[in-house]
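Residue numbers (my numbering), protein chains in the order written: chain D, 6 to 273; chain V, 7 to 334.
It should be emphasised that the hints constitute simulated quantities derived from the structure, not laboratory data. Yeah, the Cβ is synthetic: ideal placement off N, Cα and C, and Gly gets one too. Treat the hints with care, as some may be off.
Anything over 12 Å on all C-beta distances counts as not near chain V; from chain D, calculated [unchecked claim]: (1) Tyr38; (2) Tyr112; (3) Leu121; (4) Val142; (5) Met204.
When the alpha-carbon atoms are kept at most 25 Å apart in a straight line, the in silico DMTMM-like pairs for lysine to aspartate or glutamate are as follows [unchecked claim]: (6) Lys106/V / Glu94/D; (7) Lys201/V / Glu138/V; (8) Lys106/V / Asp152/V; (9) Lys92/V / Asp108/D; (10) Lys245/V / Asp175/V; (11) Lys111/V / Glu137/V; (12) Lys201/V / Glu243/V; (13) Lys111/V / Asp84/D; (14) Lys92/V / Glu263/D; (15) Lys7/D / Glu93/V; (16) Lys106/V / Asp93/D; (17) Lys106/V / Asp84/D; (18) Lys7/D / Glu157/V; (19) Lys106/V / Asp64/D; (20) Lys33/V / Glu269/D; (21) Lys245/V / Asp326/V; (22) Lys106/V / Glu138/V; (23) Lys92/V / Glu94/D; (24) Lys27/D / Glu157/V; (25) Lys96/V / Asp10/D; (26) Lys201/V / Asp242/V; (27) Lys7/D / Asp175/V; (28) Lys106/V / Asp108/D; (29) Lys7/D / Glu138/V; (30) Lys245/V / Glu45/V.
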Amino acid sequence: MKLVDIIVAESRFVYAGLFRRKSALATTLLYPYVITAFVVLVGNAMGSAAVFVQRVGVDPVPFFIVSSFILMSVMGVVDDIFWTPLFDELNGTLPYIVASPVDRVVYFLAIPIPRLAIVLPIGVSSVVPVMLLYYGVAGLYESLAIMLLAALAALLFTTLAMAITGALYMAGGETWRSLNVIRPLIMVLLGAFYPRWLMPLAARALSWALPPSHVIEVIHRVLVGAPSATQSLALIGVATALALLYTPLGARGIHGWERRKMREGVRV
Amino acid sequence: MTSAIVVRGLVKRYVTRERRGLIRSVKRVVEALRGVSFEVRHGEVVGLLGPNGAGKTTTVKIIATLLLPDEGEAYVEGFDVVRDAKEVRKRIGLLLSVEKGFYGKLTGRENLEYFGALYGIPRSVLRKRVEEVMKLVELDRLGAVDRLYEEYSLGMKARLGLARALLKDPPVLLLDEPTLGLDPPSARRIRSLVKELARQGKAVLYTTHNMFEAEIVCDRVLLINRGVIVAQGTPDELKARIPSMRTIRVYLRGATPRDVERIAGAVGLKPSVENDEEGFTVLKFMVRRPEEVLDDIVKGVSSAGYEIARLRIDEPTLEDVFLYFASR
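The following block holds chain D by itself, in its conformation from the complex:
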């Protein structure tokens, strides 16, 4: 069973999900602008852009457009891992997936890769125009770097997402309720909207355990114009090491989930 075959198969979903659901495509492309407008307006009502620049070191509009893009990229990929077992159960496809000889770990590792294709259209339609507008041609280069880093951040979340999925589904009950609690927590702790260096110590410690948060910090450093090559590489190294560290946990989680399903009986 080749990983590439599974990736090709999974790509059909991305294609179908994006291009056969026009409304979904439209909202996906609009989302970064909507969220940026919301945050900037609320921020202006409570403080001012000047205060934001003083504290964070960058204009709020490019910051939040990039943050929205990061969040969509990472959560778009992670959500697929979180919700796949539930989606397949409701759809009636789960029995055929469990009864297939595909290696479950390979299958879950393959899920996010085609989803990275979503990163490109969202990035091109949101990050690129805003960065071009604010920073000219330099902004274009920064956009490309940001898109690459966001894809990496999403990819590095795969193994931890597998471990969380496995643990939640093994715990049983109505998993979707737990996911609805865990998901926003992850969104905050990623540090996409709330830079990690501004977080309280406890939140920062938790954030540190999430591999993508390190890559997101690199993106923020690119944005504020203070990227140190050594520091960036170190952060990416830490993120990669964490993702690798979570691999056995992720594999155990997925096998545990499958075993539990088989004990209960896969619902038809």
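Knowing the structure of chain D, use the given hints to seat chain V on it.
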């Protein structure tokens, strides 16, 4: 013929919780299977026949590695469904529910290509194989190959389900109520295809609660009720095993109730009477041994001045057989 599926003493208990008030709940154990044993050989269709909740789907799920048994063992082509699940999965084709099981936003072809990849069919042969199975289930004739699954009729969905089961050309097919809710042409096509596949050497386990279907599709039938196989054999063997009454139907033209009484008196048996759509008066005699009373009936009818237009002796149906064994 060799055994493709061997099932020995399968037991499965489900634990459910019954709510008693706001907080308290009581544990309830339901025995879905209570020592089920049977074999399915290559080249035969074996029907697992029983009412809803009898344990048919539970049995199929265990063989398909979708459910762990509490006791007993099951083998597919010699591989244990618990210990060698991966090997078993390579050898089975599965159809569980005809209503769902595919992705709505993908076409029939894309769905099959997706599952083909999960089944480990190399990309170089997958496309051709998808074409073959689509043709086999006649989805190409219906123009459904490149239509979105969400636009499929139930009949098309069932055909696509069977196509997926056949995708990797498995030696063993597990089909759980594959014609449930289908229109007659689709159901007939699926039945004939299943028989053809068995002729090619595949072992088919076919669950249904449709007695008529079991009789025409299955080489052997396992009657299952409340988690126990109550009888097994060919449909004819099973019918021969029940001491049931045969029905002799005598078709007469224009017999009055008084004539029927005269005939009954002459024969010495009281028939039930009904009028059929063709205008015949039908006398139904329920007897244990038709050969012993047939002469008397013919003579009794003649002596009443009637001519027999048609005469039929009905064997017990599989439904009679099931009711007999289920009630014991």
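Here is how each hint holds up against the structure:
no., hint, verdict
1, Tyr38, "holds (26 Å)"
2, Tyr112, "violated (7 Å)"
3, Leu121, "holds (19 Å)"
4, Val142, "holds (39 Å)"
5, Met204, "holds (39 Å)"
6, Lys106/V / Glu94/D, "holds (11 Å)"
7, Lys201/V / Glu138/V, "holds (18 Å)"
8, Lys106/V / Asp152/V, "holds (18 Å)"
9, Lys92/V / Asp108/D, "holds (9 Å)"
10, Lys245/V / Asp175/V, "violated (34 Å)"
11, Lys111/V / Glu137/V, "holds (20 Å)"
12, Lys201/V / Glu243/V, "holds (20 Å)"
13, Lys111/V / Asp84/D, "holds (19 Å)"
14, Lys92/V / Glu263/D, "holds (13 Å)"
15, Lys7/D / Glu93/V, "holds (17 Å)"
16, Lys106/V / Asp93/D, "holds (11 Å)"
17, Lys106/V / Asp84/D, "holds (23 Å)"
18, Lys7/D / Glu157/V, "violated (31 Å)"
19, Lys106/V / Asp64/D, "violated (50 Å)"
20, Lys33/V / Glu269/D, "holds (15 Å)"
21, Lys245/V / Asp326/V, "holds (8 Å)"
22, Lys106/V / Glu138/V, "holds (22 Å)"
23, Lys92/V / Glu94/D, "holds (20 Å)"
24, Lys27/D / Glu157/V, "holds (17 Å)"
25, Lys96/V / Asp10/D, "holds (17 Å)"
26, Lys201/V / Asp242/V, "holds (18 Å)"
27, Lys7/D / Asp175/V, "holds (20 Å)"
28, Lys106/V / Asp108/D, "holds (24 Å)"
29, Lys7/D / Glu138/V, "holds (23 Å)"
30, Lys245/V / Glu45/V, "holds (21 Å)"
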